[in-house]
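Residue numbers (the numbering used here), protein chains in the order written: chain A, 2 to 172; chain B, 15 to 115.
Read the hints as simulated data drawn from the structure, not as lab findings.
Quick caveat: nothing in here was measured; it's all calculated off a predicted structure.
A few of these clues could be false.
Unchecked claim - Cβ pair distances, simulated, as ranges:
| no. | chain 1 | residue 1 | chain 2 | residue 2 | range |
| --- | --- | --- | --- | --- | --- |
| 1 | B | Glu-97 | A | Ala-125 | 48 to 56 Å |
| 2 | A | Gly-118 | B | Ile-94 | 43 to 51 Å |
| 3 | A | Val-154 | B | Val-96 | 12 to 20 Å |
| 4 | A | Gly-109 | B | Ala-112 | 38 to 46 Å |
| 5 | B | Arg-102 | A | Leu-106 | 36 to 44 Å |
| 6 | B | Ile-38 | A | Ala-134 | 21 to 29 Å |
| 7 | B | Ile-38 | A | Glu-131 | 40 to 48 Å |
| 8 | B | Gly-69 | A | Met-74 | 38 to 46 Å |
| 9 | A | Ala-95 | B | Gly-72 | 31 to 39 Å |
What the hints assert, rightly or not - Calculated pairs, SDA-like style, for lysine to any residue (alpha carbon to alpha carbon, straight line, at most 20 Å):
| no. | chain 1 | residue 1 | chain 2 | residue 2 |
| --- | --- | --- | --- | --- |
| 10 | A | Lys-164 | B | Arg-103 |
| 11 | A | Lys-164 | B | Ile-98 |
| 12 | A | Lys-164 | B | Met-46 |
| 13 | A | Lys-164 | B | Glu-97 |
| 14 | A | Lys-164 | B | Arg-101 |
For every residue, glycine included, the Cβ atom is placed at its ideal position computed from N, Cα and C.
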Amino acid sequence: MEGFLFWFCGGLMVLGGLMTVLQRNAVVSAVWLVFAFINAAGIFAALDAPFLAVMQVLVYAGAIMVLFLFVIMMLQEPTLADERRLLRLPLWPAVALPPAAVIVLLAGWFRESGTSGLGPAPAAGFGGPEHIAGLLLGRYVLAFELISIVLLVAIIGALAVGKDERKLPWK
Amino acid sequence: MEVTLTHYLALAGVLFLTGMTGFIVRRNALIMLMCIELMLCAVNIVFAAFSRLHGDAGGHIFVLMNFAVAAAEAAIGLAILVEIFRRRRTVNVDDLKALME
Numbered sequence: 002m003e004g005f006l007f008w009f010c011g012g013l014m015v016l017g018g019l020m021t022v023l024q025r026n027a028v029v030s031a032v033w034l035v036f037a038f039i040n041a042a043g044i045f046a047a048l049d050a051p052f053l054a055v056m057q058v059l060v061y062a063g064a065i066m067v068l069f070l071f072v073i074m075m076l077q078e079p080t081l082a083d084e085r086r087l088l089r090l091p092l093w094p095a096v097a098l099p100p101a102a103v104i105v106l107l108a109g110w111f112r113e114s115g116t117s118g119l120g121p122a123p124a125a126g127f128g129g130p131e132h133i134a135g136l137l138l139g140r141y142v143l144a145f146e147l148i149s150i151v152l153l154v155a156i157i158g159a160l161a162v163g164k165d166e167r168k169l170p171w172k
Numbered sequence: 015m016e017v018t019l020t021h022y023l024a025l026a027g028v029l030f031l032t033g034m035t036g037f038i039v040r041r042n043a044l045i046m047l048m049c050i051e052l053m054l055c056a057v058n059i060v061f062a063a064f065s066r067l068h069g070d071a072g073g074h075i076f077v078l079m080n081f082a083v084a085a086a087e088a089a090i091g092l093a094i095l096v097e098i099f100r101r102r103r104t105v106n107v108d109d110l111k112a113l114m115e
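Isolated chain A, as found in the complex:
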């Protein structure tokens, strides 16, 4: 089951990622990205992380991508007519070298540890809401509190950037 989820969702997710990059229309691109994120939820399910799978669909494929689609449609310019088909020459090494390096690394990894699995199945309830909640409000409570400040700053920042400058309270 885990193998099926990995190959099925992993393959579709790579397809979704590639189509995101290759589509010229930003709306089509965003829908392919939603497709990729829903398949990422399947990958999380294969990794015994049911809570993350649910949050991936709710937060990523739901909230964040709706925000993207909303902005794309608001800007009314989803396709850039003059988007360059090919890169100028000096950028090509930057595009080509990292993939080559990663392929070499992956070949080495597969030769070293191609046979060992992910270890024994975790205990029942691993990665479930109760387990995550216990950690989030226990060992990682400081990170939990700090990330709320990050979100608050992001909200204030987005408001300050998006608002008409003459109406800001300190003007």
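Model the placement of chain B on the given structure of chain A, informed by the hints.
Structure of chain B alone, referenced to chain A:
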């Protein structure tokens, strides 16, 4: 063939590279932001895979933090883009080089 940690790392590597290549190649700032989201998602898969390997759900907490960071990044990035579009009427990064000149 059993699915190993390396398979998950390979999947995450391919996704990260897709996002990175897209970020370099595309000129549409909206699609560049989406490529960043794809890269963040690849990192999340690595976190979850190592979490499963060690049987410690601490990695899941990091993924949740990553969700919050991605949401904050999308909110601020899109707000800046909307403001840029309001002033310059374009989201093409080749046309946005006021700091370069």
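Results for each hint:
1. B:Glu-97 - A:Ala-125: 48 to 56 Å: At roughly 50 Å between Cβ atoms, Ala-125 (chain A) and Glu-97 (chain B) fall inside 48 to 56 Å, so the hint holds.
2. A:Gly-118 - B:Ile-94: 43 to 51 Å: The hint (43 to 51 Å, Cβ to Cβ) holds, given that Gly-118 (chain A) and Ile-94 (chain B) are roughly 45 Å apart.
3. A:Val-154 - B:Val-96: 12 to 20 Å: Holds, at about 19 Å.
4. A:Gly-109 - B:Ala-112: 38 to 46 Å: holds (45 Å)
5. B:Arg-102 - A:Leu-106: 36 to 44 Å: This hint holds: roughly 41 Å between Cβ atoms.
6. B:Ile-38 - A:Ala-134: 21 to 29 Å: violated (40 Å)
7. B:Ile-38 - A:Glu-131: 40 to 48 Å: holds (43 Å)
8. B:Gly-69 - A:Met-74: 38 to 46 Å: holds (44 Å)
9. A:Ala-95 - B:Gly-72: 31 to 39 Å: holds (34 Å)
10. A:Lys-164 - B:Arg-103: This hinted pair holds, its Cα atoms lying about 17 Å apart.
11. A:Lys-164 - B:Ile-98: Satisfied, since the Cα-Cα distance of roughly 12 Å is no more than 20 Å.
12. A:Lys-164 - B:Met-46: Not satisfied, since the Cα-Cα distance of roughly 24 Å exceeds 20 Å.
13. A:Lys-164 - B:Glu-97: Cα-Cα ~9 Å, so holds.
14. A:Lys-164 - B:Arg-101: holds (13 Å)
Against the hints set out earlier in the document, violations occur for numbers 6, 12.
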